[in-house]
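Line order of the protein sequences matches chains A and B. This note's numbering puts the first residue of the first sequence at 1224, with every later residue one more than the last. This note's numbering puts the first residue of the second sequence at 458, with every later residue one more than the last.
A portion of the hints provided could be inaccurate.
[As the list claims (entries may be wrong)] Only part of the chain B face toward chain A is listed, based on derived beta-carbon distances under 8 Å:
no.: 1; residue: V551
no.: 2; residue: Q746
no.: 3; residue: G762
To be clear, the hints were calculated from the coordinates, so they are not data collected in a lab. In this text, all values refer to a predicted model and were calculated from it rather than measured experimentally. Here a beta-carbon is modelled for each residue, glycine too, at the ideal position from N, C-alpha and C.
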Amino acid sequence: MSNAPRITLPAWIDIGVIPLVNILMALVAAGAVILIIGEDPVQAVQVMIQGAVGYDEGIGYTLYYTTNFIFTGLAVSMAFHAGLFNIGGEGQAYFGGLGIGLAVLAMDGFAPGFLIVPIAIAAGALFGAGWAFIPAYLQAYRGSHIVITTIMFNFIAAALMVYLLAGVMRESGNMSPETREFAAVSFLPFMHEVFAWFGVTITRTPLNLSILWALLCCVFVYVFIWRTRWGYALRTVGQSERAAVYAGISPPRIVLLAMCLSGALAGFVGVNELLGVQHRLLLNFSAGYGFTGIAVALMGRNHPVGIVLASLLFGLLYQGGAELSFEMPTITKEMVVALQGLVILFSGALAYMSRPWVEKVYLLARGGAERRAA
Amino acid sequence: MDDTILLVLRTLDATLRVATPLIFCAMAGLYSERSGIVDIGLEGKMLAGAFAAATVAALTGSAWLALAAAVLISMSLALLHGFACITHRGDHVVSGVAINILVAGLTIVLGNAWFRQGGQTPSLPADARFMSLDLPGAEAMAKVPLIGQAYAELISGHNLLVYVGLAAVPLTAWIVYKTRFGLRLRAVGENPAAVDTAGISVVWLRYRAVMICGVLTGLAGTYLAIAQNAGFSRDMTAGQGYIALAALIFGKWRPWPAFGACLIFGLLDAVSIRMQGVELPGIGEVPVQAIQALPYVLTVVLLAGFIGKAVAPKAIGQPYVKER
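Put together the whole structure using the sequences plus the hints.
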């Protein structure tokens, strides 16, 4: 992230070709792993694509996973724009879910759905933001490093949730660590229900209205980052803190702003998972989505459009990977986790490795074209 | 009275056992971070080492070959980290996260493909593991009150790697503070330009630091898989790499204080098991989760500057670009 480009390449190479080359390298490495365990990578890809987009139910599941990744991807990118690395998306998503759970459990006895749902969403944002606020404050005003504190907060959130769900919040008589089921008024409609209102029948899947909320968040993030003065200030701090101070921007306040928005976005995972699908607060519902957000943001180059595309790819991989483990039992669904690591490695840490080669090919091609023209 | 002493000794004994991987990892992180390379990837390297050790031990039945494999695998991951951070000047944290996630997935995929036990490796027989050693005279000494008991319960009866881990601390302190390599290591983490000006290769120094880090995380993994346990199970590191990182920060990137932090965190772990369901006078029952979360909370509090100030090596996380 700190390598200055040596020559200027056209934009389409910089934002199109190089990221694709990086992802390709990750996929090739994953293919090599599949070869090592004695399976056929080409067949694996076919099974995954068939499982993810080959039939209605697969598509529904793919988009349902995509929804989570959009939220966490946006969360990580929001912090990235301010020059911060938020590894705490996992904990913020988890804690945001606690906010949603508390709000619904407190109100679903008497309040109508049109009141509960917005309040619960706001509570998710608030709790997610709150969990990000403490590391942000410590970074901004006490100089402790946000990477370390957000990691620590992931573990603290996990311990806290085990405590709450195994004890205080557990439904009496239920052995598994989860709360009672929410009242039906708080459920977000599934997409198959929404389509049924208009007389269209689609397959039942966990896909629910949250995906529209996720897309709305993309628009919000785009407008906020590139079309408001706060977003401008945020990007300025991310580019150069000294320049920001010189321009009269207070970096500590921007750090707080960026991290709280980041935490709020991560908190929305609970909207999809709890209001949309599970209808109760349960252990580990965030299931690593916060970490996947890092891969999504890096792959999507911190732009909402890129994040939606990267989320789709990861949605496809998650659903396809689940299918794959049925069809080819040697390949477990954790293959997707390994691939996620490879994507972070190649499009994050080694993002500039392919650049010299691409430069060479580009110069060679341009040189050839110029010679032909002359 | 005698029972109390025995209880205390046994708790300390358990502390030493759970603290050993933390000590290895904290020392590993110390070399890396003192040279300016942030290492979030201790967890992943340790997990990979554990998997390699368990796999090789299961296949060959030799604990020593397993140890070599673990060190080799952890070191190659460390070199990958170095390749990304030193050679390609990538973001250290991103690279570390990538390694952690990659290993978390890969160990399960490979383990399942090779052994078909849901990501676990087969349970190892005793001769493929590092077993407890009884130090000379332990049995005779056990009858001597206090000192003898301490010798028999606490000092004797650990496996070889526990003693190696304990030896790693003074060795690290000596290397970092008393040798030429150590001086240069500390310098390159504070001011790489000065080291470069003196005609010493920043790149080679940092590569050596991450390689040492790889060796030590490999030992930590070996300990987990074939000394403390009899095989690999999925995610068996369970966040201990991060606790070690916390201990390193808690010890302000210095060997002895980091060792102390490892022992404190180990003690918390050992105590939390005994504290389950115990009523404390005045406080009532302390939830196990509260004790488990304590290392993390303490580290955050320390980082916030409320108990002393943890100042990282100055050039940490910054890529070094040689002036042209």
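Hints versus structure:
no., hint, in the structure
1, V551, "holds (4 Å)"
2, Q746, "holds (4 Å)"
3, G762, "holds (5 Å)"
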